[in-house]
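Novice: Take the sequences, apply the hints, and build the full model.
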Amino acid sequence: MDKAEYLEPDLAFIARLKRAGGESVKKCFQCATCVAVCDVTQSDKPFPRKEMIWAQWGLKDKLFYNADVWLCHQCGDCTMHCPRGANPSEVLAAVRSLSLAEHAVPGFLGNMHSSPAALVPLFAFPIAVLLLAAMYANGLAIPAGEIIYSRFFPLAVIDSIFISAALFALITSALSVKKFWGGMKRNAPQKAAPDAAAVFGALKDILFHKKFAQCRANKPRYTGHLLVFFGFLALFATTNLVMLYHYLLGRETPLALGDPVKLLGNAGALAAFAGVSYIIARRLAAPKETGNATYQDWTFILILYAAIITGILAESARLANIPAAAYPVYFTHLVFVFFLIAYLPFSKFAHMLYRTAAMIYAASNSKTS
Amino acid sequence: MATPAPKYPVVVIGGGIAGITAAVEAAECGAKAVLLEKRAHLGGRVARMHKYFPKLCAPYCGLELNFRRIRENPDITVYARAEVAGISGQYGDFTVKVKLQPEMVNAKCTACGKCAEACPVERQDHYNYGMGTTRAIYMPHPMAFPQWYNISRKACRGKECNKCVEVCAYGAIDLDARETVFEMKAHSIVLATGWDPYNGAKLQGLSFGVSPNVISNVMMERLASPEGPTKGKLLRPSDGKEIREVVFAQCAGSRDENHLPYCSSVCCLASLKHAAYVREAAPDANISIYYIDIRTPGKYERFYHKIAADPKVTLIKGKIAKAEHDPETGGVIVTAEDVLAGKKVTRRADLLVIATGMQPAAHNGIAGLKTDEQGFFADGLARGIYAAGAARLPQDVSATIMDATAAALKAVYGGRP
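Order-wise, the sequence lines are chains E and B. According to the working numbering, the first sequence holds residues 1 to 369 in order. According to the working numbering, the second sequence holds residues 370 to 786 in order.
Calculated from the structure, these hints are not laboratory results. Careful, some of the hints might be misleading.
[Claimed, not checked] Each computed DMTMM-like pair below joins lysine to aspartate or glutamate, with the alpha-carbon atoms no more than 20 Å apart:
#1 B:Lys554 / B:Glu452
#2 B:Lys712 / E:Asp44
#3 E:Lys27 / B:Glu452
#4 E:Lys27 / B:Asp662
#5 E:Lys26 / B:Glu626
#6 B:Lys691 / E:Asp195
#7 E:Lys26 / B:Asp662
#8 B:Lys691 / E:Glu5
If you're wondering where the values come from, they're calculated on a predicted model, not measured in any experiment.
Specialist: In structure tokens, the structure reads:
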């Protein structure tokens with residue numbers, strides 16, 4: 001070390017971390033068993049031992065602006081082998097949970113996503129917007145005849161709402177990640193800017209779930225996450241393809257069940273449903289292996305589940321031709337989807353932003369070392 | 370103090386260094402003493418060391434002295450192959466029920482060794498922790514006391530074979546001998562049942578019992594001993610190759626709530642001592658000791674500094690939590706974090722010694738006596754019953770001897786439990 005480092009422990013942060021699921025942090029005695037049994041960590045400045053002592057010392061800045069906290073995939077191997085019950089896996093999960101609010105731009109939305117009371121305004125907003133839109137479009141009346149959702153919400157209305165939501169998410173995501181990235185640079189200056197190889201390497205690891213595959217204690221999560229991940233990817237693609245159909249080809253929804261885009265959407269919905277069901281079942285059946293779930297974990301899982309289930313129900317009700325059920329369910333579905341998309345950088349959904357950023361940052365850093 | 374000598378003997382359970390010391394000290398204080406040992410020979414774990422602290426001499430220099438004190442003192446009676454089946458009564462008037470295993474070899478044995486030459490059965494050598502074999506009739510090592518052969522009842526084929534009986538010129542072998550049970554009166558009781566090494570096979574991921582090149586610290590004592598399975602030669606167990614890299618894994622199962630939650634207080638010094646063995650037996654070998662904290666209490670700090678200063682010895686802060694067979698070299702690959710360097714490291718080793726801790730011997734549960742949650746005898750059992758040595762808490766030989774002397778004093782005079 002070139003010069004002495006002046007450390008300022010943040011005691012309030014330690015208390016906050018303990019409340020967020022890291023209550024065992026002080027049990028760690030730095031034996032480094034965790035690093036030895038972790039198959040996900042890199043060899044140079046490995047995690048999670050160093051994060052444990054940072055957490056014990058309340059070094060908030062080092063923890064929040066550090067790629068390694070996000071390289072951890074909460075496999076739980078460290079927790080399983082920890083000789084002290086210090087549960088490094090849970091402590092790092094708690095750090096990530098607090099990070100969501102820390103990095104969020106605007107900050108108040110991040111804070112709202114860590115408080116159950118804030119669920120009311122968070123849901124009230126899309127409900128109000130969608131109600132107003134439906135009133136404007138058709139006076140909230142349930143359209144007669146064949147169930148066609150675009151009669152309830154004309155496509156132009158839906159698209160303007162959801163494209164706005166997506167744009168908002170995109171901009172706030174960019175700002176939040178920028179804040180995180182800047183902090184990482186401050187704490188661990190980069191040796192090289194990320195190049196295409198670093199980016200593609202990280203994306204490949206994410207796509208193939210390479211890190212999840214290295215977990216041992218919580219191996220089944222690989223399957224659960226893979227199903228949700230590709231299910232969601234398929235649904236995202238479906239949404240965009242439907243837009244292309246409409247604006248380029250003039251083909252309208254509902255699509256025939258045999259249409260390739262419809263097939264993709266239904267397959268995605270089923271995969272995501274199976275994945276989230278499996279994840280919830282595992283969390284309930286094996287809480288020790290899956291690790292502590294934070295407030296953000298549960299809200300994200302349940303809202304995702306609600307979006308998927310209402311989506312499947314809306315399609316079923318339409319096919320069964322029950323307008324009284326179909327339109328309200330469709331409305332509910334849109335509320336949940338709005339929640340997921342518009343609030344992406346503030347909910348647990350944001351793990352995809354920070355983990356991807358961390359993986360790219362780490363890849364570009366290790367390359368030249 | 371003009372206290373009359375106790376009416377009944379002080380009964381000491383366990384013939385290791387603690388029990389021997391307690392019996393000898395009690396007898397030399399004027400009491401009678403009975404020493405009960407469940408194996409055929411005295412000396413316990415200490416007899417199986419190559420060298421021991423504080424002077425790093427062979428254990429027999431101390432044990433021989435004690436054996437002479439036993440032989441020369443008519444007030445000490447030793448029962449080998451004796452187990453305690455029950456204790457009742459109170460201070461000054463206990464009744465101890467003793468189960469004596471069949472005396473298949475009796476005191477007429479001159480240790481000539483003809484029986485073992487004739488014996489056709491090979492068995493695993495438990496004295497050497499399973500490294501090597503002996504015949505079913507065997508002497509665990511040349512210095513064993515009492516000097517008589519012992520028969521493994523599990524391995525012996527009995528009268529159908531009878532070869533040992535045929536060659537014994539002294540009529541010392543009786544394959545028909547039966548177990549006997551008797552009761553004796555006791556003034557007081559000293560529990561010196563000792564310790565067992567923690568079973569390394571319980572440590573997931575360290576390959577103990579999977580790779581022959583992963584051994585425990587107690588096995589290292591036997592490998593280094595000139596009376597051990599390799600006559601003191603230090604070679605790779607799997608293939609007898611020369612050893613170039615030796616790695617020690619400290620706290621193997623110790624200070625670990627999944628295994629032994631406490632520090633045994635001796636394993637760091639044991640590994641440092643083993644490093645000295647390796648320096649003698651394989652002077653070119655590199656030695657790495659991976660630790661959480663090196664704990665060398667009291668005056669042993671100097672020994673620690675001496676070993677640490679050796680250029681062939683490297684101390685690395687970070688626990689080894691993974692050890693796998695190395696298909697390339699036939700050795701072992703260990704994984705740890707080098708905490709001070711901030712790097713996750715792997716190292717190839719020819720020999721991995723896991724420093725397993727001390728747990729109370731499995732038979733500590735005798736007669737429903739109170740133990741702590743780890744199985745060590747609790748303090749304050751009852752007036753007249755005193756635990757000593759590693760049966761009470763993990764400790765080294767010097768501390769055990771002091772502990773046993775204190776227990777002997779209490780046992781004679783009925784001290785507070």
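Novice: Does each hint hold? Answer for all of them.
Specialist: Hints, verified against the model:
no.	hint	verdict
1	B:Lys554 / B:Glu452	15 Å, holds
2	B:Lys712 / E:Asp44	5 Å, holds
3	E:Lys27 / B:Glu452	42 Å, violated
4	E:Lys27 / B:Asp662	16 Å, holds
5	E:Lys26 / B:Glu626	15 Å, holds
6	B:Lys691 / E:Asp195	35 Å, violated
7	E:Lys26 / B:Asp662	18 Å, holds
8	B:Lys691 / E:Glu5	33 Å, violated
In summary, the structure is inconsistent with hints 3, 6, 8 from the numbered list given earlier, while agreeing with the others.
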